[in-house]
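Chains as they are written, first to last, in the numbering used here: chain A, 1 to 441; chain B, 1 to 168.
Among the hints, erroneous ones may be present.
Said to hold, decoys possible - Computed from the model, here is a short list of chain B residues facing chain A with C-beta under 7 Å:
1) 32
2) 35
3) 36
4) 39
5) 116
6) 120
7) 122
8) 127
9) 129
10) 130
Note that these hints are calculated values from the structure, not bench results.
Note that CB positions come from ideal geometry on N, CA and C, so glycine has one too.
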Amino acid sequence: MESQSSIPTGKVARASKFFKAGVKMGGNYAAHYAKKVVGRADREDLDRKNADEIFNVLSQLKGTALKIAQMLSVDTGVLPKAYAEKFASAQNNAMKLSGPLVMNTFRKYTGKTPQEIYDQFDTEAVAAASIGQVHLAYKDGKKLAVKIQYPGVADSIHSDINMVKPLFLRFMGVSEESVEQYVDEIVDRLIEETDYVKELANGVEALEVSLNHPRIVVPKYYPELSNHRILTMDWLEGQSLNEFIKNETNQEKRDLIAQALVDFFQDQVHSKRRFHADLHPGNFLITDDLKLGVIDFGCSKSIDEDFYNHYFSLIKDDVLNDPIQRKKVFLNLDFLRETDTAEEVQLFTDVTMKIIELVSRPLRSESFNFGDEQYNDDLQKLGLEINSNEDLKTSNAMRGSQHSLFLHRAFIGLFGILYNLKSTVKFDNTFGRKIQLESIM
Amino acid sequence: MELERNIWKNYAELTLEQCVEDEAFGEYIAREKMLAYIFALLNNIADDEAKIQSQLPTRIAWWNNKILKDFKLEYFSFVKVLIEEGQDRGEIQKRPFIFNIYPELFWGTLLSVLSFWANDTSEYKEQTDIAVEKWVNLLFDTLAPNAIDSALDLAQFIIKQNFNGITK
Numbered sequence: 001m002e003s004q005s006s007i008p009t010g011k012v013a014r015a016s017k018f019f020k021a022g023v024k025m026g027g028n029y030a031a032h033y034a035k036k037v038v039g040r041a042d043r044e045d046l047d048r049k050n051a052d053e054i055f056n057v058l059s060q061l062k063g064t065a066l067k068i069a070q071m072l073s074v075d076t077g078v079l080p081k082a083y084a085e086k087f088a089s090a091q092n093n094a095m096k097l098s099g100p101l102v103m104n105t106f107r108k109y110t111g112k113t114p115q116e117i118y119d120q121f122d123t124e125a126v127a128a129a130s131i132g133q134v135h136l137a138y139k140d141g142k143k144l145a146v147k148i149q150y151p152g153v154a155d156s157i158h159s160d161i162n163m164v165k166p167l168f169l170r171f172m173g174v175s176e177e178s179v180e181q182y183v184d185e186i187v188d189r190l191i192e193e194t195d196y197v198k199e200l201a202n203g204v205e206a207l208e209v210s211l212n213h214p215r216i217v218v219p220k221y222y223p224e225l226s227n228h229r230i231l232t233m234d235w236l237e238g239q240s241l242n243e244f245i246k247n248e249t250n251q252e253k254r255d256l257i258a259q260a261l262v263d264f265f266q267d268q269v270h271s272k273r274r275f276h277a278d279l280h281p282g283n284f285l286i287t288d289d290l291k292l293g294v295i296d297f298g299c300s301k302s303i304d305e306d307f308y309n310h311y312f313s314l315i316k317d318d319v320l321n322d323p324i325q326r327k328k329v330f331l332n333l334d335f336l337r338e339t340d341t342a343e344e345v346q347l348f349t350d351v352t353m354k355i356i357e358l359v360s361r362p363l364r365s366e367s368f369n370f371g372d373e374q375y376n377d378d379l380q381k382l383g384l385e386i387n388s389n390e391d392l393k394t395s396n397a398m399r400g401s402q403h404s405l406f407l408h409r410a411f412i413g414l415f416g417i418l419y420n421l422k423s424t425v426k427f428d429n430t431f432g433r434k435i436q437l438e439s440i441m
Numbered sequence: 001m002e003l004e005r006n007i008w009k010n011y012a013e014l015t016l017e018q019c020v021e022d023e024a025f026g027e028y029i030a031r032e033k034m035l036a037y038i039f040a041l042l043n044n045i046a047d048d049e050a051k052i053q054s055q056l057p058t059r060i061a062w063w064n065n066k067i068l069k070d071f072k073l074e075y076f077s078f079v080k081v082l083i084e085e086g087q088d089r090g091e092i093q094k095r096p097f098i099f100n101i102y103p104e105l106f107w108g109t110l111l112s113v114l115s116f117w118a119n120d121t122s123e124y125k126e127q128t129d130i131a132v133e134k135w136v137n138l139l140f141d142t143l144a145p146n147a148i149d150s151a152l153d154l155a156q157f158i159i160k161q162n163f164n165g166i167t168k
């Protein structure tokens, strides 16, 4: 309860935090240009200073503002990837609901107290989530996890994004219109995430997919014990994926887990066209019989047929290497635009091709070793190359369909986990053959 | 008028009754008891919201309202016990001169919450839930032993020392 008092919460208080960051960043830039004049500019130093500054401000936020900040900053590369982990730990310091407020939430949404609903209910939360907290309960001999959402989260999403947006626009030097579609996408996902009924439906579907994967466990969800703000599911026992990554020395076991994750994710994408879009270690655990438990389906993304066909047709060489086909697909996916000049077409085609070649490399290989430092280095190098390309610092350089945002986020998350597991995995590359060329005409 | 006074008195009696019957309530510290009491009260008045809105159109109306007279007496009898308990637990600091107005601070907190509640248009009045926590935290953080108490303590000590002439 005490943690609440120190966190700025009013709209004004939060806005003033951002203002502070803006001013300080301006200060850093001033120092940068001053250095430039005397010939001691150090771009890297400046970026690190600014990144620290932004992070310090953003990490004081909580709930959705923190999530938006995290997504925009890490996924768009405004902040270096190392901050992703720092953000994750900032999330864990989120607010805590007092005992009476937990009771009150139950009364409001169910008309009953938790003691009336469950055989046993721990008022003290066992874990904090970004927009809620988890309680342990028992009913009919079953151990349950009960997730309760903080009040007012859904209400604050719009005002939060309106505060986070200007800061990023300014830092990335892009226009408001060019990020509008991404911002809308993030808002849509976040609003979905605050609806636990939706999460329950996602979880039920994931459970269905998991039946094809003996090494995947998805908890059973209880609709009769859930509503928009309270979610009841089976308690999964196990060590966290981070602990497993740190402590497990048997590479075969690590590979089994990695492969299970890859298979499950691909099955979701290719057969359901809906997937877990929040693949970070905190959403997974390892059971004693070496299965991968998947929890928290709050952030799921659906993709439609048209986007799916175009996006994954890029795995086909006859699309990627045929300039006419390729241009059509790039236009559809918003990597290229009809208004582009010849130079822009050349520039964005080159950059996109480089990214595709590198990122789809694991998908194209028979099997791929993520422990290979060379691959990680190549990814880092490409990132640096793109970030330092002055031609890409124009206002229309934000490219890619908004649907690709969360798909990329999922791939980044997946590759990150596979890299940490140092695993060799096989991707299913047969799905590309099923995409008919006619469907992308 | 008489009728409305009684309705509010009943809210207070009902709320206290519910709190006492709730098993968890006994385990709470004073700060949590205050939260539980307010949540229970808001739950009880929720059904009559439209009526209350028409009785009390402005914020000022909460402060001077005669309808709340008996309700306030009931509330004070709860608050006095709560303050004693808070003192025993070290949650509330007894301070000379201003200790007597502590119940009024509790009254102000409750009225602030009620006026927030009356104007809250959010779904399920979720914003009020947040407001309750913040008001109660402010109240209890104000009453808890803090730097001012340490400063007074130090001042008292120094004055005594000087008076006794020990430091000379």
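Tested hints:
1. 32: holds, 5 Å
2. 35: Residue 35(B) check passes; min Cβ-Cβ to chain A is 4 Å, inside 7 Å.
3. 36: holds, 4 Å
4. 39: holds, 4 Å
5. 116: Since the shortest Cβ distance to chain A is 13 Å, the answer is violated.
6. 120: violated, 10 Å
7. 122: holds, 6 Å
8. 127: holds, 5 Å
9. 129: holds, 4 Å
10. 130: holds, 5 Å
The structure is inconsistent with the numbered hints 5, 6, although it conforms to all the rest.
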